[in-house]
Amino acid sequence: MDLGTSIDIVLLAFLLICAVAIVFIRDLFSVVMVAGAYSLLSAMFFVNLDAVDVAFTEAAVGAGISTVLMLGGLMLTSRREKKPKGRQPIFPLLVVLSTGAALVYATFDMPDFGDPNSPANSYVGIDYIEATEKQIDVPNIVTAVLASYRGYDTLGETVVVFTAGLGVMVLLGIGFAGGAPASRKEEDDA
Amino acid sequence: MTTDFIIGHYNYWVIIVLMMLGLYVVMSRGNLIKKIVGLNIFQTSVFLLYITIGKVTGGTAPIIWEGREDVVYSNPLPHVLILTAIVVGVATTAVGLAITVRVREAYGTIEEDEILAQDHEAEVTEGASA
Amino acid sequence: MSQHHLILRIISKILIPPILLYAFYVQFHGDFGPGGGFQAGVIFAVGIILYALVFGLEGAQKVAPPSVVQVFMAFGVLLYAGVGVATLLLGGNFLSYDVLHPDLAHHSGQHYGILAVELGVGITVASVMISLFYSFAGRNAEIDDEDW
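Taken in sequence, the protein lines are chains S, R and D. Basically the working numbering = 1-based index in the first sequence + 137. Basically the working numbering = 1-based index in the second sequence + 1. Basically the working numbering = 1-based index in the third sequence + 72.
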């Protein structure tokens, strides 16, 4: 077992601990903080698996912006999760366990971790690596695929981000400092 | 089951457990913020699965190493898919949070059972007055 | 607020310019190393958000007024789509950057195209993230005292 695999095993164990903690903690502030740690750990996991661009994004977005937005949301809602009344329902547990069992059963047919000859790593991925040097001539293959080969996708994603921004503005207002804009105050009076 | 098989599939199994935990939070917890965090765990487990599939043993980050022919690169395609998914994920999380804030303003609570109880009450009074 | 947290304010003042500069580095170095529009946009937004957290929302909105941020949200998407339309007008397919520059041997068209669309992505992501923060931070909390 090489060093990369050992780091991989340890990081996944940490991720598991964070996820279990999130299930049981009731203080929402702590939940958000543990979720931030979870994001940062997954960013480290991505670095270990050579996905440096993804790790960069996860560290900036998941651990940074996402945590800030969550805290902003907490400020406007509540700080603690209420204790559920009565017994815990058994139905969700059954659904989750059966889903998990089916997925674990499916993994027996999956290729081994890091298999260079697995179907996912054999066809399109290799083509992109070989073609980027000849057709785009940009060292970072991820950028080449993102902006050029899959330019349509990225345009779509950008529109999704834009739409989400619009959606939040519609729901919560534009966020002028120093009170709501005049039109909203009139609406409240009416 | 050999050790190689276990090491080769360990990633998948942990990722599946993470997904189960996320799904469990979404289904069993009534607090809306907790549900959003659960969705994030679920979502991240999918990211982890994709990146795991794209890893090639002995490979390096998919940035072309000029002048070297013998370098093995990990599969860049899952990286691209997940990179955009992360940003879209935070955008949708923000929309979910915004809806939660509006729910709190309308109902005064973000616990699912209390919201349902209030809705039920409103329906009953509506039925009585009609 | 303005007189408290002296260390926090001084450190943020020192940190914010490098954060913004780093965002531009990530934006324009994305072809050669890890990075690109998505990451750069988020890092730029983090610079502004840090300013808002330490110096107050009003201060941040003097730097980046909500109306300007909204315009940039749309501008990024339009820049991206505009590159596609430009390639159409130059006789290529939508978003096929090779027609943008005649120097095919060095793939200059691809370089310009990627630079432009990544800039579009960066602008949209940065302004959307800033706008999201404004929306959450600008809303008055009506939280009960007992909840804290």
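These are calculated hints, taken from the structure and not from any lab test. Where is the CB? At the ideal position from N, CA and C, for every residue including glycine. Where hints are given, some of them may not hold.
Claimed, not checked - Partial list, computed: chain D residues near chain S (C-beta under 8 Å):
| no. | residue |
| --- | --- |
| 1 | Phe127 |
| 2 | Ala153 |
| 3 | Asp175 |
| 4 | Val200 |
| 5 | Tyr206 |
Please check whether Phe127(D) passes as an interface residue: C-beta within 8 Å of a C-beta belonging to chain S.
violated (11 Å)
Satisfaction of the Ala153(D) interface hint, Cβ to chain S closer than 8 Å:
holds (7 Å)
Interface hint check: Asp175(D), Cβ to nearest Cβ on chain S, cutoff 8 Å. Holds or violated?
violated (11 Å)
Regarding the hint that Val200(D) lies at the interface with chain S, is the smallest CB-CB distance below 8 Å?
holds (4 Å)
Are Tyr206(D) and chain S close enough, Cβ to Cβ, to be under 8 Å, as the hint says?
At 3 Å from the nearest chain S Cβ, Tyr206(D) passes the 8 Å test, so the hint holds.
Comparing the model with each numbered hint stated earlier shows that hints 1, 3 do not hold.
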